[in-house]
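Quick note, the sequences are listed as chains S and C, same order.
First residue of the first sequence? That's 282 in our numbering, and the numbers climb one at a time after it.
First residue of the second sequence? That's 527 in our numbering, and the numbers climb one at a time after it.
Note that these hints are calculated values from the structure, not bench results.
Glycine residues also receive a C-beta, built at the ideal position from the N, C-alpha and C atoms.
Treat the hints with caution; some may be incorrect.
[What the hints assert, rightly or not] Sample of chain C residues facing chain S (criterion: CB under 10 Å; computed from the structure):
#1 K531
#2 G534
#3 T539
#4 I542
#5 L552
#6 T561
#7 V577
#8 A590
#9 L596
#10 V602
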Amino acid sequence: MQLGKVIGTVVATRKHEALQGIKLLIVQPLTPDGQPKGRPVVAADGTAMAGPGETIFMIASREGAMVLEKWFTPVDHGIIGIVDDIYVDVNAIPNEP
Amino acid sequence: MFLGKVIGNIVSTIKIKDYQGFKLLLVQPIQPEGTPWKDPLICIDIVDAGVGETVLYLDEGSSARQLLGLEPVGAVRAVVVGIVDEIQWQDDEGELQSRMPHRET
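Bound conformation, chain S alone:
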């Protein structure tokens, strides 16, 4: 599971019927210190409560669809929850080689 920031929404009128009623959000993956890492992805919102500007955590691949009520759905990134706090101990971070 990774951290991400919601940076936008996606609206699609014509889509697979299993995707009806599912909120799609554009998410920028983040490192624990809040820096963007990699390309934004479109994720289905399992909480139905996330919105642009919020820090969330998400799950990729097969499990992405399992955040939804109807889990037999063509989805590969799913938002699990909204992050309140991230605590990182800088002394615990191992050194790069």
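Model the placement of chain C on the given structure of chain S, informed by the hints.
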């Protein structure tokens, strides 16, 4: 399963029901000697690991669901399943190395 070092934790109130009651840790994947080799990830903790500890985690959906009693459907994947006492490995020269992470300062 992979070796990792716990570098922090995540607090979340609004989350899907599969995650209610579980502690979430930030884990940095490491090589046996302790150097990072890929980006940190968020894991569910079932062994009460703490920040700074070297742990064993798995990153595979069906095993995670089985462990957490969420079969057949649960949006879980990464789970911390052990706290490491000692690691032994062969280095590039073929020498046997070992270390005890919890004894290091």
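Taking the earlier hints as the rules, which of them does this structure contradict?
As far as the earlier hints go, not one is violated by this structure.
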